Every structure is written in structure tokens, then in C-alpha cells.
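S.K.: Numbering-wise (the numbering used here), the sequence shown opens with residue 107 and increments by one.
Because the hints were derived from the structure by calculation, they are not lab data.
Check before you lean on any hint, since a few could be wrong.
[Claimed, not checked] DSS-like, lysine-lysine: derived pairs with alpha carbons at most 27 angstroms apart:
hint : residue 1 : residue 2
1    : Lys-778   : Lys-758
2    : Lys-683   : Lys-737
3    : Lys-778   : Lys-696
4    : Lys-494   : Lys-206
5    : Lys-696   : Lys-667
6    : Lys-629   : Lys-524
7    : Lys-667   : Lys-683
8    : Lys-737   : Lys-778
9    : Lys-194   : Lys-212
10   : Lys-194   : Lys-1003
11   : Lys-683   : Lys-778
12   : Lys-683   : Lys-696
13   : Lys-618   : Lys-683
14   : Lys-157   : Lys-618
15   : Lys-194   : Lys-206
16   : Lys-696   : Lys-737
17   : Lys-737   : Lys-758
18   : Lys-629   : Lys-618
19   : Lys-1003  : Lys-932
20   : Lys-194   : Lys-494
21   : Lys-157   : Lys-212
22   : Lys-194   : Lys-524
Note that this is a predicted model, so its numbers are computed, not measured.
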Amino acid sequence: MTEDMSPAERYAAAKLRAAEQATALAPFRGLYDFDLDPFQVEACQALEAGKGVLVAAPTGSGKTIVGEFAVHLALEQGRKCFYTTPIKALSNQKYLDLVKRYGADKVGLLTGDNSVNSEAPVIVMTTEVLRNMLYAGSQSLVGLGYVVMDEVHYLSDRFRGAVWEEVIIHLPESVTLVSLSATVSNAEEFGDWLDTVRGDTAVIVSEHRPVPLWQHVLAGRRIYDLFEERDGQGGGRREVNPDLERLSRMENSRPTFGRDKRRGRNMREADRERERRQRARIWTPSRPEVIDRLDNEGLLPAITFIFSRAGCEAAVQQCLYSGLRLNDAEGREQVRRIVEARTAGIPDDDLHVLGYFEWLEGLERGIAAHHAGMLPTFKEVVEELFTKGLVKAVFATETLALGINMPARSVVLEKLVKWNGEQHADITPGEYTQLTGRAGRRGIDVEGHAVVLWQRGMNPGALAGLAGTRTYPLRSSFKPSYNMAVNLVSQFGRHRSRELLEMSFAQFQADKSVVGISRQVQKNEEGLAGYRGSMTCHLGDFEEYSRLRRELKDRETELAKQGAAQRRVAAAAALEKLRPGDVIHVPTGKYAGLALVLDPGMPSGRTNGHRGFDAQDGPRPLVLTAERQVKRLGAIDFPVPVAALDRMRIPKSFNARSPQSRRDLASALRTKAGHIPPSRQRKQRSGAADDREISRLRTAIRAHPCHGCAEREDHARWAERYHRLQRDTRQLERRIEGRTNTIARTFDRICALLTQLDYLEGDTVTDEGRRLARLYGELDLLASECLREGVWEGLGPAELAACASALVYEARQADDAAAPKLPSGKAQAALGEMVRIWGRLDALEDDHGISQTEGVGQREPDLGFAWAAYRWASGFSLDEVLREAEMPAGDFVRWCKQLIDVLGQIAAAAPPGVARAARQAVEGVLRGVVAYSSVG
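Modelling step: build the complete structure from the supplied sequences, incorporating the hints.
M.R.: Spelled out as C-alpha cells, the structure:
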């Protein structure tokens, strides 16, 4: 091809190649045995040009290569690079990847419970660790050139998302930020914000999946394609598979067995048999059947998402009981070797408690569960075996979809509904995209497959909408906390801190939503100016005259409402006086006229054998009308008080359901009282006639110069339009006020409370405040108050562990049944004191307008883990602790790790006695399965 070029073109091409070879990207590309995708090249070039980058691309598309290029640049330039991830498992995985490439001497790891080579030029860490370093002004930040924030879309997480924004805002300006995100629908908006707070940021969005995804529905024995390509119509337009729509119609149609009404004779046996066969095609296969079917179709390895931990464990057991085997003898041997090597550090006594042998049997057959309740080591082994193809069917909760590099050929969704903590809700398009994004392994699979199991009532059209929608907006969950407030004031003072918080993505989004409202306010103000001109009167101030008329109208309306309310009260009081046998005249409504009271229908309780009604309904008498109808009447039928015209006896044999009984009693009613005219209600004098305010306003209106204007009513119409538009404009302005400076106003309220508690004095952080600055977590202020009041003084290590557990533990489901078991003695007293202090803080937050519903403030400490923490820190065996805790081993280890973290914070912030007990408590908790770690 170069022969066809002119000398000038050949020279230009050679010059371009030389320029490319001179870049850092050229040798970096040589490290990989595949060529980079265009979006990866574009992002790397922007990074080398000195720009920050935001890369939004589908799961499995290789966006982490951009983060690895930042590591490459840092090492080449002699600077540092911090690679942050949202979860420890991801940090461990990325650490091992980078060690393999650059060597253990150049790469370090910092998580809540691991520290490996912390002074290395490249450090992998959780995002919280970097946030804490920034607030502490750590020396490790010196020489920092690049920060990679993997899975940056985590900033939507309502519990931890604020940490990502804190890091982005507080990183030094000299640091280049690399943000890696899943595909989000508002990447440009997020990029605009990054541009505002971090400077020049290139936004690179790739919608392209490196491995195409095919969508299917598994119903009965057949796998249906969800979409059907219509090449002849509209050039390859995708439509819902008509076979699925037929299945849906068939399932929803009523059975026509028995008599055919159209033909007026019994259906032929053949017709019934055909319908039975068609319906038999629609059923949801069992879990072993699904895996077996996928295996036959060559669609393994597969991840089946089940939105329940118990469901995942049950699925594995079902597959084992069915005799399903996905590994041959050689595969089983490999699995056993790897498992025994990876679990060698777990004490033998604990293996039985952890269900090790049942777990191993599933792994040997190529089947496993994966969820947060599992021991971290077990989860890591499952991930390793799945990646090596030795586990071919994994049943997982949705947490697996969040970042772990564990792609499969197929993803199966059992249901499209999940429990969100409050109710069963449909999964969103964003969640569907995240889950199915695991299907298709780059460089291995030609295509990925998402399989949804047929469920009764499934709507193929709705599923197609879910699969075809790409809406996953990034929404900030940023909220100031007490710890954040003292750290910010300590570094920047109150005024500058306020400005920094107003730079948050949360405020950026709120301000952006205000733009449209502000535009409407501006239009309204132009309209108000026009209306003001149209209602101008040459005789005087018509705006003032209009205000007087409006005040008069409002006062008359208010008095009319009061009068109506008084009449309702009087009517209800009159109804309460009615008794069975009273003859009344129903004043209005469908049943107006003569009636006999059968039951007065008094609120609550029972009267005369009839059930009462709620007090808010008022009396609801049951009556027999002169037209023989028995009806329950309400307050709406009695707008005015009613009185008994006469009385008559109701026979004991009267049955309201008997037409003959109703006819006889109605006849007696007409004979007894048909000649009595209804009592006439005297018209009451209007309250407005004697109201002094109304008299004053009428006098002022008549005396006003504009009252005599010939065009008065024309002006008044313009004035009414002016008033309505002004009212609407004020509502819009209140909405704007509610959305602007919301973060800063919350910060002000937090600072006011901290000032009252002597943590702050203006722009100065007190000694108590400096202690609070070292305590992170949801209950930072409660922990600080406990230290200040000496609640934990004199406690032993196990007792302190029990108390500290209340700061981190949160039950998965609220359980109001029984009070949690607590250690006796000092620990129990200290826990009670912690709850008392929380109550005081809760009242203070209420006084300052700090609301937990907005994600700010201190939740009530949960004592549900105190007994387990106490016994584990006291040296009891895992079997003894878990048997009483009734908690999965994985949850137990996770809470213990969080407990160790908060005990470490207490050790750093507390006076010597408590600090010593905290360090000893850490030693007591960090043992056995809790101490075992795969890295470091």
C-alpha cells in the first residue's frame, strides 16, 4: 500500500509513526497481547496529554486498562499512583494483578485490615483509606501524581457514596484523576461536574459491548430468543419474539374445557387435548433442569442470580440432590488441590462449623453459591475456580455484579422482582444491565447470553423494554457528617468549608434542576410586570384596592367555613342523640324523607348488637325508609341537625333482610308519622353580619378612590390574574430556595449542634473536636460522647468489644420480637448508658432540624451483635459463638472486621486505659477465621 503513496504522503505517515512511538502509550500497548479498543486509546491519549478522564463503559469492556495506564505513567514519571476500589475483594484482586505486572517491590496494599508495602510508588486501597489520609494530611500524599477511582458510580450508594465525593473534592489540584464507571445515562453531567471541581476532564463514553449479548427466555424445555430480527421491515429492526407473545396470551386466556358457549355443545376431545399440550409447554424449569439444559446447549459457565442468600444455598443443595455433575475426575482432583491449599490456614476445628465438606462437595461437582453471608476465603476460592473453569454453575446474589471480575458465558435471572429492604419491587433497567453485563467473556466467548426464566404472568413486552433500556443515572448521595464537619473546619475554616461543600455533585445536580424553575420564575416576573401595567387606575393605587377586596373575600370564605364546620358539629351531636325507634326526616340525599332509626351507628364498640364505626366517621345510623329500603346513612345525608319527630316500637321479630318484614314496618311507619310535616330549620344569622373585620374592610373599600372607577371590574380581572401569577411565582421561589444551598444549610445545622456540644468554637476545633476527627462511621458523634463521658472506662477488652459492636452492627431485618442477649455486669451497664446518650443526641438533632430520614444524624445503636462479639473476644470457639448468634459465618467475619476497624479508631482517640483495652480487644477479635486473609 505504501507503494501507492506519494513521497510526501510516505514522509507524513513515517513522521506520524515516529510521533506515536515517542509517546508513553506505545510501549504500554506492547505489554498486552491484544490491540486496544478505540475508547481505551482515546482515554489514554487524553491522560498522557495531562487531562483527567472519566471513562463510562459496559462491564467487561476493559476500562481498567485506562487505570493501568495511569499506573504506567506514574512509574515512568517517578511519581505515585493510588488505585482505589470500593470493596476489599476488588483491592486484593487488583493488587495481585499489578504485582504480577510490576513486581511486589513497586506495589502496595492498604485496606481496613491489611497493610502491605505501604510506601510503594503504586498503592491499591479502598476509597475510605484515601479519604482518611486526605483528612489526616498524610505524608504518603507527597509526590502523588495520579488517583484511579475504579467503580466511581458507587457514589450513588446511599451509605458510602459520600466518600467518593469527599476524595474528588479534597484531592490536591496537582493530582490527575482517572474515574472509571459502568455505563451511566448522565455521564456528560458527571463529566461537567468533574470539569468544574478538578479542571480539564475528558469524558469518554463507550456503549459498545466487546462481546455481543443475546437475550433469551427459558420456558419449559425450550429456550426462546427474546427478540426477533425483522430484516425486511425497517432494516433489521428488533421486535419481541411473537412465539413469546403467543405463550403469554395462551397462559392468560381462560381454559375452555367443558362447554363451548359459541357452538352450544361440548368441545371435541381432540380440541381439549391440543389445548392441554399447548399449556403443558409453559412451565418454569427447576434449578437443576436449568443448569442441565444450559450444559446441553453449551452455555456454561453460568451465573444464576437469586435475590436471596438462602435461595443460593438451597439451589446448590437441589443440584447436589439431583445428582448433577459438571466436572470429570481430573477436574475434581484439581478443585480439591486448590481448595486444600487455599484453606490450609483455617483451623481444622472451624472447618466443620463452616460447612466446609458440603461446600467442597459442591465445588468438586462444579457447583457453588456466592453471597455476602459466606466466609470471604470461601468466596475468593469460588471466584478463582470459576475463572479457571472448574466451577461452571454459580448461584449468586446481586452483590456479585458489583465489580468482581468474574465473567461468565451466560447469566440467568430467576425472577425480575427483588426485595429492596422495604418491599418486593421490580428490578430497574439499570440493575438488569448491571446483572446481565456479566455475560460474555472477552477473548473466550464469541457471544454472551442472558436467560430469564419464564414466570407466571410474565409480560414479554415489559421484559423487552427492560432489556432494551439503558437508563442508569448517577445520583449523588452526598451528605455532610459530624466527622466531616470537624475535619473540614480544622483544615479550611467554616466559610471555606461551606464553599467546598457547595462544590459537591449533590449540590451541582440540585442547582442544575433549579435552572428550569428559575427560567419559569423569570417568565412569570415578565408577566407580572405586564399585568401590573394593565390594572393601573388613574384614580389611585389599584393594587392596594385589589388587596382590600381579596382580604374581604378571604375573610368571608373563612367565616363560611367556620359556619359549615359548626353546622357539621351540631348535626353530629344531634345524630348522637338518636335511639332505635326514633322517627326522623332525612333532610337531603338519595334517601331524603321519612325514616325509622334501626341502629344509631355510634362510633367504636357495639350498640344494640350492631358493630360500631371509627370515631372519625361520626355516627352512621341504619334506617328503614318509607319506601321499604334499609340503608346505612352518613354525615353527608345530614347537613343540618335532625330531631326525632316521634317514636315507634320495632318488633323483635323484625329482620332487615326479609322483604316482608321491611314492607310491614314501612307501612306502620307511614301510618304512624306520614302526616307529620318535617321540622323546618330556622335560617341562622350569618357570622359575617356581625364581624368587625368585614365591616372595616367594606368601609375601606367604599372609601378607596378606585371604587368609583368606571373600569373598576376590568382592572379587577387583571388584578386577579396578577395575584394568581404572583402566588405561583412565590411557590416556585420556595422550591428554588429548598434546592439551592441545601448541603451548606445542613452543614450549618451540624456546626451549630457541634458548637453547642463544645466540639467547635467558631473556626476553631476544640480538643473534643480533634478526637471526633479521628472517629469515622455512622455513629461517630455517639462514640465521641461515650469517650467524653467515660462510659467505657474500666471495661475489659471483651466488654469493650461488646460495646463497640453497637457502633457498627446493623441487623439485616428489624426484629421486634425479643431483646438481644447482652453480657452482664459492666458491659450491660455501659451499653445501657450508650443508648441513653443516643437518646439525648437524638433530641438535640431534632432541635437543630437534623433528620435521619435525610441520611444525616445518628441512628440508634444496635445491640444485636454485642453477645457474639463479647464471647468471641473472650476466646470462645467459633462453633459456640455461631450456634448462639444464629448468623452465617461470612456475616460474622464481616462484622468482626468492622469491629476491629472501629476498635482501632477508639485506640487512636481514647485516653490510655481505654486505648489499651481497645488494642487488647483487637487481638481478641483478630483470630481464627477472622484473622485468616488471602493477601498479606
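S.K.: Could you run down the list of hints and mark each one as holding or not?
M.R.: Cross-check of the supplied hints:
1. Between Lys-778 and Lys-758, the direct Cα distance comes to roughly 18 angstroms. Compliance with the 27 angstroms bound is thereby established for this hinted pair.
2. A distance of roughly 19 angstroms separates the Cα atoms of Lys-683 and Lys-737; the hinted pair therefore holds under the 27 angstroms criterion.
3. Between Lys-778 and Lys-696 the CA atoms are separated by roughly 23 angstroms; this keeps the pair inside 27 angstroms, and the hint holds.
4. Taking the CA atoms of Lys-494 and Lys-206, the gap is near 17 angstroms; set against the 27 angstroms cutoff, the hint holds.
5. Distance restraint check for Lys-696 and Lys-667: the Cα-Cα separation of roughly 25 angstroms lies within the 27 angstroms cut-off, and the hinted pair is therefore satisfied.
6. The straight-line distance between the Cα atoms of Lys-629 and Lys-524 is roughly 45 angstroms, outside the 27 angstroms bound, and the hint therefore fails.
7. Under the criterion of a C-alpha separation no larger than 27 angstroms, the hint pairing Lys-667 with Lys-683 is consistent with the structure, at around 25 angstroms.
8. Taken as a hint, the Lys-737 and Lys-778 pair is honoured in the structure, with Cα atoms around 20 angstroms apart against an allowance of 27 angstroms.
9. A hinted pair counts as satisfied when its Cα atoms are at most 27 angstroms apart, and Lys-194 with Lys-212 qualifies at roughly 20 angstroms.
10. Restraint check for Lys-194 and Lys-1003: satisfied, since their Cα atoms lie roughly 11 angstroms apart, inside the 27 angstroms limit.
11. Only pairs whose Cα atoms come within 27 angstroms are accepted, and Lys-683 paired with Lys-778 is accepted, the gap being roughly 21 angstroms.
12. Distance restraint check for Lys-683 and Lys-696: the Cα-Cα separation of roughly 23 angstroms lies within the 27 angstroms cut-off, and the hinted pair is therefore satisfied.
13. Under the criterion of a C-alpha separation no larger than 27 angstroms, the hint pairing Lys-618 with Lys-683 is inconsistent with the structure, at around 61 angstroms.
14. Distance check on the hinted pair: Lys-157 and Lys-618 sit about 24 angstroms apart at the alpha-carbon level, within 27 angstroms; holds.
15. Between the alpha carbons of Lys-194 and Lys-206 the distance comes to roughly 18 angstroms, so the proposed pair stays at or under 27 angstroms and holds.
16. Restraint check: the Cα-Cα separation between Lys-696 and Lys-737 comes to about 11 angstroms, which is no more than 27 angstroms; the hinted pair holds.
17. With a CA separation close to 19 angstroms, the supplied pair Lys-737 and Lys-758 stays within the 27 angstroms bound.
18. Between Lys-629 and Lys-618, the direct Cα distance comes to roughly 18 angstroms. Compliance with the 27 angstroms bound is thereby established for this hinted pair.
19. Pair hint Lys-1003 plus Lys-932 holds up; C-alpha atoms about 24 angstroms apart against a cutoff of 27 angstroms.
20. For the proposed pair Lys-194 and Lys-494, the alpha carbon gap of about 21 angstroms is at most 27 angstroms, so the pair holds.
21. Proximity of Lys-157 to Lys-212 is assessed by CA-CA distance (about 25 angstroms); at most 27 angstroms being required, the pair is judged to hold.
22. Note on Lys-194 and Lys-524: the hinted pairing holds, with a Cα-Cα distance of about 26 angstroms set against a maximum of 27 angstroms.
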